[in-house]
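*Asks:* With these hints in hand, go ahead and build the complete structure from the sequences.
Each chain is listed here by its residues.
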Amino acid sequence: KQEVTQIPAALSVPEGENLVLNCSFTDSAIYNLQWFRQDPGKGLTSLLLIQSSQREQTSGRLNASLDKSSGRSTLYIAASQPGDSATYLCAVRLWGSQGNLIFGKGTKLSVKP
Amino acid sequence: DTAVSQTPKYLVTQMGNDKSIKCEQNLGHDTMYWYKQDSKKFLKIMFSYNNKELIINETVPNRFSPKSPDKAHLNLHINSLELGDSAVYFCASSQDGPLSYNEQFFGPGTRLTVL
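Chains A and B supply the protein sequences, listed in that same order. Positions 1 to 113 (my numbering) are the ones given, in order, by the first sequence. Positions 1 to 115 (my numbering) are the ones given, in order, by the second sequence.
Rather than coming from a laboratory, the hints here were simulated on the basis of the structure. Being a predicted model, the structure only gives us computed values, none of them experimental. Please note that the accuracy of each hint is not assured.
Lysine-lysine pairs mimicking PhoX-like chemistry, simulated, CA-CA at most 20 Å apart [what the hints assert, rightly or not]:
(1) A:Lys42 / B:Lys67
(2) B:Lys9 / B:Lys41
(3) A:Lys105 / B:Lys71
(4) B:Lys44 / A:Lys1
(5) A:Lys105 / B:Lys44
(6) B:Lys36 / A:Lys108
(7) B:Lys41 / A:Lys42
*Replies:* Structural data, given as structure tokens:
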């Protein structure tokens, strides 16, 4: 059974720092992996999606990597800003799962001015 | 705006009532989903619909029933509401298939409170 773990559960950094959020999954037979951002009381915003054949994806200050063999993904945020404060969720889709995303419990990020 | 929308945003009701949550997507996607986020903020899949056909159904009580009048809508009906149904319910959609990116887009959520 696929399990997705995100470490740390919470992270507080000063503005301007580069930071890494970690996601690990137990079953390497993933179809893709998606990183989301959730602001308090709001929905999920898709940040990056990495297909199983890809190693990384970049969008602005965000870079997500995928290492299927070790069951890990990282989300790198460069030059963090207070507006980056949110909960970051990692989700994997398995082959043949017909769209079912399995989520981690998220990392709550706080960027202090 | 192209998006996934849900109504209502908040729903407060008594135990035993029947309620519905509506979801619409104007992204032209062929698959829609319902997820439940519990009090510990953990998100779990409930249903997905592809071309008006239910294709997955996790261990969800049969009091919950998805209904899709067309490809752009997937409504969630809940009968005989219980206290434990209190949660935030998210609708999502994606364009599936080998030539598609399969990225899921989420609605803003509906916070259901059962008293």
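*Asks:* Taking each numbered hint in turn, which are not upheld by the structure, reported in ascending numerical order?
*Replies:* 1, 3
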